[in-house]
Structure formats: C-alpha cells, structure tokens
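Assemble chain Y onto chain U, guided by the hints.
There are 2 protein chains.
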Amino acid sequence: MPIDTRQIQAIVFDAYGTLLDVSSIDAYLINTFGEDKATEIAKHWRQKQLEYTWLRSLMHQYVDFYTLTEHALLYALKATDTAAETSIIRDTMSQYYHLKVYDDVSPTLARLSEKYKLAILSNANPSLLEKATAYNNIDPYLSEILSADILGQYKPAPSVYQLAEKAFQLESKEILFISSNTWDIAGASAYGLQTCWLKNRQNGLLEELGQQVNLEINTLNELTLVLG
Amino acid sequence: MPIDTRQIQAIVFDAYGTLLDVSSIDAYLINTFGEDKATEIAKHWRQKQLEYTWLRSLMHQYVDFYTLTEHALLYALKATDTAAETSIIRDTMSQYYHLKVYDDVSPTLARLSEKYKLAILSNANPSLLEKATAYNNIDPYLSEILSADILGQYKPAPSVYQLAEKAFQLESKEILFISSNTWDIAGASAYGLQTCWLKNRQNGLLEELGQQVNLEINTLNELTLVLG
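Going down the list, the sequences are from chains U and Y. Letter 165 of the first sequence, counting from 1, is numbered 165 in this note's numbering, and no numbers are missing. Every position in the second sequence, counted from 1, becomes a number in this note's numbering once 228 is added.
If you're looking for bench data, these hints aren't it; they were derived computationally from the structure. Don't be surprised by glycine CBs; every beta carbon is placed ideally from N, CA and C. Wrong hints could be hidden among the right ones.
[What the hints assert, rightly or not] Label-pair distances were calculated between CB atoms; the ranges are:
(1) H98(U) with L434(Y): 42 to 50 Å
(2) Q212(U) with G380(Y): 16 to 24 Å
(3) I316(Y) with N203(U): 20 to 28 Å
(4) Y325(Y) with G210(U): 20 to 28 Å
(5) S159(U) with E358(Y): 41 to 49 Å
(6) Y97(U) with G380(Y): 37 to 45 Å
(7) T314(Y) with D4(U): 45 to 53 Å
(8) S87(U) with G456(Y): 46 to 54 Å
[Said to hold, decoys possible] Under the rule of at most 25 Å between Cα atoms (straight-line distance), these lysine to aspartate or glutamate pairs were calculated in the DMTMM-like manner:
(9) K306(Y) with D36(U)
(10) K199(U) with E174(U)
(11) K306(Y) with E208(U)
(12) K271(Y) with D36(U)
(13) K43(U) with E268(Y)
The shape of chain U in the complex, shown without the other chains (with noise of 0.2 Å):
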C-alpha cells in the first residue's frame, strides 16, 4: 500500500543506522586495534548488540542499551581475541556519545519540523539520545526523544512503537516511522504505523516477515519531495 501522505501529522525516526552512523567509530576501532581486526570487532560488536536486545527483551531480562552494547563489544574482543583493558573498553564504549549523523540528516529534519512533529524513537538510553541529539545539533528539531528504557522492552516489542502513539496522542495512521533497518521496518509495520524504508544506509534486503512498506526512500532527502 503505497503512503497515505494526507493522514501523516507526525514522523518519527530510529536513532542508530538510520539518523546516526555507527560507523564513526570505526576510525576509532582502527586507530585502537588495528585495521585488520577492526572489521571485524565492528561485525561482531553490531551483530550481537541487535542480537542481545533480542534475547533480552523475550528473556524478560533487560539491561539497558548502554551495558547491552558493552556486552556486545567483550563478545566482539573474544570472539576476535583481542586482549583490552579496562580503559580501553570504557574509551571505546565512550565513543557511542559521539556518533556523527549522516549528511543529509540535519537539512531534512530542518524542513520537515517546519511542518511535521518529529520525533526520535530508540532503543538507546535517553541520555545517550540525548547527548547524541545535541551533539549533532539537530535536538531543536525534535519535540520528542521516546526511548524503549522506560518499558524494559525493546524493539521490535509491540508496546515500544506504541510510546510515538502515546507521545503523540495520534492514531497509528498518523504516525510515518523512518528506519534503515529492515527488522525495524517489519515490527513498525506489524504495530500498524506507516512505515518509510531508507535503503542507501546498508546493503540490506527487506525481510520475509509479511511487512507492509509504505515508501522506500535512497536518502533522507527524497522526503522532503514526498512530504514537502
């Protein structure tokens, strides 16, 4: 079903991949451990960091996003053996609340929150949402910040997208969700809001999980064509 652009009132984005590019750490990872194995702990550590808010959430045992990803990052430094000491892992960890956004983040938001609420909704810490945001310069933009913290749940958790229902006090319809990453894309549509796939972050391929999207979009420019 192509976008009902006439009911949207409000757009909400994912934090990590979508907005901020968690590939500016990898200079970082470079410079820390070496090229070669830098690949590779960033394969691990992302890979694990999606898995672990996965199993946590059905485990009924959350942590929150900010000591789930150091968990991630010591599988990462196993599973490469790579010996760390605590300093570093605290320097590396740090990194997170210095993550850039993408080009075309800063001028998007600008246009849209002329006409349209905008919010964030992550599974990150809200300080680390909200150091990132400021960091960027782009926390005018956003009348809100949700993140899964307050549920003990993350995405793709039902309850999680109801929060951008719930800031809001708009119907799901009303409400376009923007993300890069196609799980996230599949647990948006399964809620019932309009979903906006942006498929230029990461080669990916959408998931075989009978998702509904709305719009693909190659940058978060086109946007601001579709919605003006």
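Chain Y only, in chain U's frame:
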C-alpha cells in the same frame, strides 16, 4: 556453579544443532544449487531462521516453525540471487523431515534413558519433531516431545522452558537442559534450569548474557560419564 547431579531427574535436549544435524541438508543444497551457492544459502537460511523466531516472538506475529523456516529460505534465495521454482522450494523444505541425528545421539539416549526421563524441547512443530525422531529411531527413548508451538512463542521466552517443568512435574533445578546453542543455554539458565553446553557441534563462544553454565561437554558421550 558446577552441575548438581544428585538433584537431576530429567534431561531435556534442544533438537536442531544439538541432536539433529542441520548440515544433513548440505548435500541436497549442493546438488540443487551448486557448491558455491549452497554454502551462502545455508548460512543465510540458518541465520534468518533464528532471527525470525526471535523477531516474530517479540512482534507477537507467530507463525509455526515450518512456515517460518520457509520464509527464511525465501530470504536466503533472495540474498544469494537464486531463482527457484515452487517445487524446488517445497523439495528443499521437505529435507527438514529427514535430518539425521549426530553419531553420538542414539547410544547416549539409550544409556541415559535407563536412569532418567528424557525429552526434546524445541521450537519446531510437533509433527516435524515426531517425524524426525521416528526417522532416526530415537523416539523410544523419549518420554516427551515438547514444542514451543503450543505457546505461540519461541525460545528463549521463559514460558517455553517452563514446558519441561510442567511436563515432568519437577522443580527447575531437577531438570538438566542440554544445547549446543549458546543463546539457548542463556535462556534456559535465566529460567532456572541446570544447563549443559555441548561445545563440539559448532564453533561457538558463550554469550555475554549472564548465563550460568553448569556443565560443558565436547561430545554427548561425556554425559554418560557424568550422569552414569
């Protein structure tokens, strides 16, 4: 904490990758899709099968394991640019009914069944599990074949591990759960079962999920040494 053998009254096994060798399908994949593609298809297939059990459980969008496995296969074919007719997809899926058990399974189950109640606890449909255990002649050793299907939720949801407790009317610590899958060990441990990690099936590392592993073994035969 080391295993407390005096308490154990029942032994519960994960199925795929622990008793049943999923790589039994590899020869069929090579014959059907060629050697180069077979490895890539198998890798994506298994990864998405796992991910979809977690994601669908979290999304409250349950479909049974056979259907979900077919969805994962469709993803794997798409990800590897492999065209396949419906009849090929059906044939590939039907291989799941003819998975072989690992060599150490039958002798170990025969031996342990003299002293303990044994069960399978799996995500798979009951019909899949019944056919696979009958095909390998291990059904006489099993008191129970427990499937997550009855719950409409997959491991590592606590309710799935609880099925074992309920079936045997035992306390959690009276049950030893055995799996080669490290996330499955984490789930069983979080629920409170005693856990045994079977290490030789795949190159794995324990997850950073705070699990208790009460016993680590390299082959199933070692179980008979510990549990007599």
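Outcome of the hint check:
1. H98(U) with L434(Y): 42 to 50 Å: For L434(Y) against H98(U), whose Cβ atoms are near 31 Å apart, the range 42 to 50 Å is violated.
2. Q212(U) with G380(Y): 16 to 24 Å: This hint holds: roughly 22 Å between Cβ atoms.
3. I316(Y) with N203(U): 20 to 28 Å: Given about 26 Å between the Cβ atoms, the range holds.
4. Y325(Y) with G210(U): 20 to 28 Å: Holds - the Cβ-Cβ distance for Y325(Y) and G210(U), about 25 Å, lies within 20 to 28 Å.
5. S159(U) with E358(Y): 41 to 49 Å: violated, 36 Å
6. Y97(U) with G380(Y): 37 to 45 Å: Cβ of Y97(U) to Cβ of G380(Y): about 40 Å, so the range 37 to 45 Å holds.
7. T314(Y) with D4(U): 45 to 53 Å: With Cβ atoms ~34 Å apart, the hint is violated.
8. S87(U) with G456(Y): 46 to 54 Å: holds, 48 Å
9. K306(Y) with D36(U): violated, 30 Å
10. K199(U) with E174(U): holds, 22 Å
11. K306(Y) with E208(U): Holds. K306(Y) to E208(U) sits at ~10 Å (cutoff 25 Å).
12. K271(Y) with D36(U): holds, 23 Å
13. K43(U) with E268(Y): holds, 17 Å
Consistency note: the structure conflicts with the earlier hints numbered 1, 5, 7 and 9.
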